[in-house]
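Protein chains: 2
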Amino acid sequence: MKILAIDTSGLVASVAILDGDSILSEYMVNYKKTHSETLMPMIAEIIRMTETDKASFDAIAIAGGPGSFTGLRIGSATAKGIAQMYDLPIISVPTVDALAYNIWATDSLVVPIMDARRNQTYTGIYEYSEDGEMRVLMEQCAISVEELVEKLNSMDRSVIFLGDGVVRFKELIDETLKVAHKYAPAHHSRQRAGAVAVLGAKYYEQGKYTTAEEHEPEYLRKSQAEREREERNA
Amino acid sequence: MKILAIDTSGLVASVAILDGDSILSEYMVNYKKTHSETLMPMIAEIIRMTETDKASFDAIAIAGGPGSFTGLRIGSATAKGIAQMYDLPIISVPTVDALAYNIWATDSLVVPIMDARRNQTYTGIYEYSEDGEMRVLMEQCAISVEELVEKLNSMDRSVIFLGDGVVRFKELIDETLKVAHKYAPAHHSRQRAGAVAVLGAKYYEQGKYTTAEEHEPEYLRKSQAEREREERNA
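Here the protein sequences line up with chains A and B, keeping their order.
1 is the number of the first residue of the first sequence in our numbering; add one for each residue after it.
1 is the number of the first residue of the second sequence in our numbering; add one for each residue after it.
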């Protein structure tokens, strides 16, 4: 099957085409431009470069959240648009799961940390089985780094951190985490649509997909605008 | 420092820009077009998308071989051209080392296998230290898969395979390798200029680079044309 994959959950915009067992193309840009400027040109670029027939996709896989609200909305709108035009299902892959899949088949726990503002991180805890299957030990959620560190100290296993939260939280982690830990190098540390595509194909086989109309991003938290409205109304 | 990284050692063309601790962009195409058609447009694309000043690079990192002779020559010629225009050093990263760096911080041995034709594979054996540093246990070389399997059986540790040789050699490996082993998923299985860039930055710090004039690809074996000429002359 052929999957177009999109990740706009963070500062990074990443797109990929998975065809059966191969990634045909993957393209990531980590730059201050907005996703509304970059995403469609990036998709057009990899489709053109691989001479892919736009009608040949079987599904769209997307990092479905959490993440930047604007980023998720742009990714979701784009995915819905393409999916509706070509009558394709949308596979929503949890953002933190896809990020964890950057690190594969390690004996350590894999813990992505995204800067979620308001002193929280979007995170989750993952491990790999002997045969390389990723297992979710703590589902993606928005918590404080203090709470995450407490949890990891209680699990007493070595940890690999990755994600844009490393820059923000490294000092706090180094001061308070008692277990051995390290940080992923640059080429493994940011969102990759390739990981979204490969996980997306697994989800698809398990029947985990929706129609374009049904798809909604998973924000995990309320937006600033919603919180402010609620505060005004309270 | 800012590095432009190139990998054209296999069927895949991959380019990346590393800026300090971040990959600004990474772009991979795994398609039947020749590298002479794809490489320069891909470099131009990521430079344009990240609004990178062409004069701002500090070095070019390249997967220096082994690999496809034509691929290596195109990559090398392109790197030399850019490096000479902008007076930059070239960092030659062993192709198989960069491929191994796709898998990070695992307890298994990491063994890239590239299809080298003539019943050989370009391969090497790697492991990770506790702190995530990659160590070379067997330097990249061209050997038969039978010889590789014998070596791995004697080492008695679990193995992760990746690379374009998996498709070709999987059956033989599964039949003859006695240790636990698995194959990397699609998003970790092919050359990535991001890995070339990150390893290249380490090499640069260690003073391992040359001038554009000095740079030559490391073919590891003689080309078909050279072998045929030698056979005629013998």
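If you're looking for bench data, these hints aren't it; they were derived computationally from the structure.
Heads up, some of the hints might be wrong.
Copies of the same chain look alike in the list, so a pair counts if it works inside one copy or between any two.
Claimed, not checked - 20 Å max Cα-Cα, derived SDA-like pairs, lysine to any residue:
id, residue 1, residue 2
1, K151, F69
2, K33, E45
3, K2, R227
4, K182, D107
5, K178, T210
6, K182, T106
7, K33, E205
8, K182, E127
9, K202, D174
10, K202, S22
11, K32, Y209
The hints, checked one at a time:
Proximity of K151 and F69 under a CA criterion of 20 Å is satisfied in neither setting, with 27 Å inside one chain copy and 51 Å between copies. Taking identical chains as interchangeable, the C-alpha atoms of K33 and E45 lie at most 20 Å apart whether they share a chain (17 Å) or sit on different chains (15 Å). Neither within a single protomer nor between protomers do K2 and R227 lie at most 20 Å apart by alpha-carbon distance, with minima of 40 Å and 41 Å respectively. For the homomeric pair K182 and D107, the shortest alpha-carbon distances inside one copy (13 Å) and between copies (14 Å) are both at most 20 Å.
Taking the closest pair of Cα atoms, K178 and T210 never come within 20 Å of each other, the shortest separation being 42 Å inside a single copy and 43 Å across copies. Both within a single protomer and between protomers do K182 and T106 lie at most 20 Å apart by alpha-carbon distance, with minima of 12 Å and 12 Å respectively. In the homo-oligomer, the alpha carbons of K33 and E205 never lie at most 20 Å apart, since the shortest distance is 35 Å inside one protomer and 31 Å across protomers. Within a single copy, K182 and E127 get their C-alpha atoms as close as 15 Å, and across copies as close as 16 Å, so both meet the 20 Å cut-off.
In this assembly of identical chains, the alpha carbons of K202 and D174 never lie at most 20 Å apart, being 35 Å within a copy and 23 Å across copies at closest. Only within a single protomer do K202 and S22 lie at most 20 Å apart by alpha-carbon distance; the minimum there is 14 Å, versus 29 Å between protomers. Taking identical chains as interchangeable, the C-alpha atoms of K32 and Y209 are never at most 20 Å apart, the minima being 31 Å within one chain and 31 Å between chains.
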